[in-house]
Amino acid sequence: MKKIVSVATALVMAAFALSACSNNGNNGNNITSPSASVSPSASASPTQAGQSANFPNVHFDLASTRHVPYAEITKDNVKDLGVVWSANFKDLDAAIPNGNQNFTVVVDGVLYATTSKNHVFAFEATTGKQIWHWAPDAELMENSKNLYIVANRGVAVAEGQVFMLTLDNRLIAIDAKTGKTTKAIKIADAVDGVTVANGYYETTAPVYYKGNLYIGSSGGDNGVRGFVMAYKASDLTPAWDAPFWTVPPKGQDWLKTAIYNGGGAVWCPVTIDEETGIMYFGTGNPAPDFYGADRPGANPYTDSVVALDSSNGKLIWAEQEISHDLWDYDAASTPMLIKAKINGAERKVVVHGGKSGQWWALDAATGERIYDGVKFAKKIDHPNPTPEGVLIYPGVYGGQNFAAETYDPDSNYVLIPGIEAPSKIVAEKKGAEKTSPFGTTIAEAPADIVPYGTVTAIDMNTGKIAYQYDTDDQMRGGFTSTATGIAFYGELNGKFRALDIKSGKIIWEFQTIGDNIMSAPSIFTKDGKQYVVTTSGGTKPKVMVFALGGDKTQGPASTSGAEAGAHG
Numbered sequence: 000m001k002k003i004v005s006v007a008t009a010l011v012m013a014a015f016a017l018s019a020c021s022n023n024g025n026n027g028n029n030i031t032s033p034s035a036s037v038s039p040s041a042s043a044s045p046t047q048a049g050q051s052a053n054f055p056n057v058h059f060d061l062a063s064t065r066h067v068p069y070a071e072i073t074k075d076n077v078k079d080l081g082v083v084w085s086a087n088f089k090d091l092d093a094a095i096p097n098g099n100q101n102f103t104v105v106v107d108g109v110l111y112a113t114t115s116k117n118h119v120f121a122f123e124a125t126t127g128k129q130i131w132h133w134a135p136d137a138e139l140m141e142n143s144k145n146l147y148i149v150a151n152r153g154v155a156v157a158e159g160q161v162f163m164l165t166l167d168n169r170l171i172a173i174d175a176k177t178g179k180t181t182k183a184i185k186i187a188d189a190v191d192g193v194t195v196a197n198g199y200y201e202t203t204a205p206v207y208y209k210g211n212l213y214i215g216s217s218g219g220d221n222g223v224r225g226f227v228m229a230y231k232a233s234d235l236t237p238a239w240d241a242p243f244w245t246v247p248p249k250g251q252d253w254l255k256t257a258i259y260n261g262g263g264a265v266w267c268p269v270t271i272d273e274e275t276g277i278m279y280f281g282t283g284n285p286a287p288d289f290y291g292a293d294r295p296g297a298n299p300y301t302d303s304v305v306a307l308d309s310s311n312g313k314l315i316w317a318e319q320e321i322s323h324d325l326w327d328y329d330a331a332s333t334p335m336l337i338k339a340k341i342n343g344a345e346r347k348v349v350v351h352g353g354k355s356g357q358w359w360a361l362d363a364a365t366g367e368r369i370y371d372g373v374k375f376a377k378k379i380d381h382p383n384p385t386p387e388g389v390l391i392y393p394g395v396y397g398g399q400n401f402a403a404e405t406y407d408p409d410s411n412y413v414l415i416p417g418i419e420a421p422s423k424i425v426a427e428k429k430g431a432e433k434t435s436p437f438g439t440t441i442a443e444a445p446a447d448i449v450p451y452g453t454v455t456a457i458d459m460n461t462g463k464i465a466y467q468y469d470t471d472d473q474m475r476g477g478f479t480s481t482a483t484g485i486a487f488y489g490e491l492n493g494k495f496r497a498l499d500i501k502s503g504k505i506i507w508e509f510q511t512i513g514d515n516i517m518s519a520p521s522i523f524t525k526d527g528k529q530y531v532v533t534t535s536g537g538t539k540p541k542v543m544v545f546a547l548g549g550d551k552t553q554g555p556a557s558t559s560g561a562e563a564g565a566h567g
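For the sequence shown, numbering that gives the first Met the number 0 assigns the number 567 to the last residue and increments by one with no breaks.
To be clear, the hints were calculated from the coordinates, so they are not data collected in a lab. Just so it is clear, the structure is predicted and the values come from calculations on it, not from any experiment. Glycine is no exception: its CB is placed at the ideal position from the N, C-alpha and C atoms. The reader is advised that the hints may include incorrect statements.
Said to hold, decoys possible - Keeping only pairs whose Cα atoms sit at most 20 Å apart, straight-line, the calculated EDC-like set for lysine to aspartate or glutamate is:
1. Lys-501 to Glu-71
2. Lys-74 to Glu-508
3. Lys-347 to Asp-362
4. Lys-182 to Glu-158
5. Lys-209 to Glu-158
6. Lys-504 to Asp-469
7. Lys-551 to Glu-71
8. Lys-501 to Asp-458
9. Lys-347 to Glu-274
10. Lys-347 to Asp-458
11. Lys-463 to Glu-345
12. Lys-463 to Asp-371
13. Lys-501 to Asp-409
14. Lys-128 to Asp-526
15. Lys-176 to Asp-234
16. Lys-504 to Asp-409
17. Lys-182 to Asp-136
18. Lys-128 to Asp-107
19. Lys-255 to Asp-191
20. Lys-128 to Asp-550
21. Lys-528 to Glu-123
22. Lys-347 to Glu-273
23. Lys-128 to Asp-174
24. Lys-528 to Asp-79
25. Lys-374 to Asp-469
26. Lys-128 to Asp-90
What the hints assert, rightly or not - Computed spacing ranges between beta-carbons, pair by pair:
27. Lys-78 to Asp-107: 27 to 37 Å
28. Gly-296 to Ala-446: 34 to 44 Å
29. Ile-505 to Ala-183: 41 to 51 Å
30. Asp-550 to Lys-144: 30 to 40 Å
31. Gln-510 to Lys-374: 30 to 40 Å
32. Arg-346 to Gly-503: 17 to 27 Å
33. Ala-297 to Ala-93: 42 to 52 Å
34. Gly-250 to Tyr-466: 46 to 56 Å
35. Lys-463 to Asp-92: 40 to 50 Å
36. Lys-89 to Asp-550: 13 to 23 Å
Start from the sequences and build out the full structure, keeping to the hints where you can.
If you want it as structure tokens, here you go:
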């Protein structure tokens, strides 16, 4: 049943600090078809006896397709899925806050999961036996004590280390076997001004490629200056001479006035083309969010997909989705790199959906628009903010927020997770916007508006919608698809589902024992057996692992709705 969401103005204002990140509780694989990914990424091992096939990166492969080659679970037997183990994070450590947005990683039989406030767990992936637990140190707890946003979306695993970005803007290396800290550096040592005091925090997962770690930045709504940066995994020293800044320095160009100008945060993990070394990422809104008089022009490179040379951070191209954004319409989600049939011929493209409720396909080499602003939101209407207040469609939660798309090469479909939830924005009186990063307030939406989600399939050959259906609740996590034509996803009501990608029919569902699902699942194998992992959040943050023949006992339907602060 869809639930009515009524959020107090002050609470939603705090949530704005997330644009693609959220929440008060809350972290070389060979593909079956060359079209599923641009190239193999690091390490999905073969599935012979005694070996594991991995989910080695936060979005599976470096192209971020979230499409795995595993085939044991089929449309015929998916009904036999059940839970083989689960863990309640609060039972493991009572200090762990509510919520969870973690995209899990599985490498060589070990499942790595994070929680709110930067706890990290290593489990035996098929049994749930805890191997180690990394807890935040006193410095992290002190530095993050006043942060409203405490989510973490995941880790990178490489070179015998587990790498995580912390809320207080550090990059941590953890020994993958022992769980002990190997090294920790402050991002501010190489990227000037990146401190909690200046409005920065980190909630995203780093990405490992060719010895380097690539990181983004959170806090764009606070008026910070968005960036991406590269570090050497071996010793956490800078791999680039300087970061790539997504907006100009304070006091220059369109940032020459107003103390809260800035934005362009890179909220979600980057994508890498292993054939060319080009990296792609999405950027957040300009700041102030809803007031543009002091930030004239288009505000590049905010609300954009940006392509850089991963070896040095130099710009190759950038394409802006929303010019001079006044509605918090980040292009925050991770772009997906695919080789797809378009107008009958294979083409390498970057695809991306935004919070505006529109979707793009861009030439991977040049950024040329192939499919330009395909509308997947049911209603798009964003008038300028007024003192009387206006409803904007989509609202501040999406369109497509941080939730991940997937690409199925067999059907040639891209699946888009959508959110249908308008917001009421009320402009400040003239001059008052200079006292706030937002330049507006958010009022309660009418009580009869019931937020829900959508699943949209785009036919890559035509750029047209193949089908779309409504979900019971909002889509905050995204998809993972398999070689057998199934896509798994969760909803904000804690319902976990399997979709027949070609037909658009739901073929399995499971009510998780948790309040909501705000991340996409991971899928791995051990001794040829296929496992599906999801995390749930709210007041009962959990990790749950499913396999054929597992326990089919389901939990009660969730009644809690979205976690407070879950914006972006």
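Outcome of the hint check:
no.: 1; hint: Lys-501 to Glu-71; verdict: holds (18 Å)
no.: 2; hint: Lys-74 to Glu-508; verdict: holds (13 Å)
no.: 3; hint: Lys-347 to Asp-362; verdict: holds (7 Å)
no.: 4; hint: Lys-182 to Glu-158; verdict: holds (13 Å)
no.: 5; hint: Lys-209 to Glu-158; verdict: holds (11 Å)
no.: 6; hint: Lys-504 to Asp-469; verdict: holds (11 Å)
no.: 7; hint: Lys-551 to Glu-71; verdict: holds (18 Å)
no.: 8; hint: Lys-501 to Asp-458; verdict: holds (10 Å)
no.: 9; hint: Lys-347 to Glu-274; verdict: holds (11 Å)
no.: 10; hint: Lys-347 to Asp-458; verdict: holds (15 Å)
no.: 11; hint: Lys-463 to Glu-345; verdict: holds (17 Å)
no.: 12; hint: Lys-463 to Asp-371; verdict: holds (11 Å)
no.: 13; hint: Lys-501 to Asp-409; verdict: holds (9 Å)
no.: 14; hint: Lys-128 to Asp-526; verdict: holds (18 Å)
no.: 15; hint: Lys-176 to Asp-234; verdict: holds (18 Å)
no.: 16; hint: Lys-504 to Asp-409; verdict: holds (16 Å)
no.: 17; hint: Lys-182 to Asp-136; verdict: holds (13 Å)
no.: 18; hint: Lys-128 to Asp-107; verdict: holds (15 Å)
no.: 19; hint: Lys-255 to Asp-191; verdict: holds (19 Å)
no.: 20; hint: Lys-128 to Asp-550; verdict: holds (18 Å)
no.: 21; hint: Lys-528 to Glu-123; verdict: holds (15 Å)
no.: 22; hint: Lys-347 to Glu-273; verdict: holds (12 Å)
no.: 23; hint: Lys-128 to Asp-174; verdict: holds (18 Å)
no.: 24; hint: Lys-528 to Asp-79; verdict: holds (13 Å)
no.: 25; hint: Lys-374 to Asp-469; verdict: holds (15 Å)
no.: 26; hint: Lys-128 to Asp-90; verdict: holds (14 Å)
no.: 27; hint: Lys-78 to Asp-107: 27 to 37 Å; verdict: holds (30 Å)
no.: 28; hint: Gly-296 to Ala-446: 34 to 44 Å; verdict: holds (38 Å)
no.: 29; hint: Ile-505 to Ala-183: 41 to 51 Å; verdict: holds (44 Å)
no.: 30; hint: Asp-550 to Lys-144: 30 to 40 Å; verdict: holds (39 Å)
no.: 31; hint: Gln-510 to Lys-374: 30 to 40 Å; verdict: holds (32 Å)
no.: 32; hint: Arg-346 to Gly-503: 17 to 27 Å; verdict: holds (25 Å)
no.: 33; hint: Ala-297 to Ala-93: 42 to 52 Å; verdict: holds (48 Å)
no.: 34; hint: Gly-250 to Tyr-466: 46 to 56 Å; verdict: holds (50 Å)
no.: 35; hint: Lys-463 to Asp-92: 40 to 50 Å; verdict: holds (48 Å)
no.: 36; hint: Lys-89 to Asp-550: 13 to 23 Å; verdict: holds (21 Å)
In this structure, every one of the numbered hints holds.
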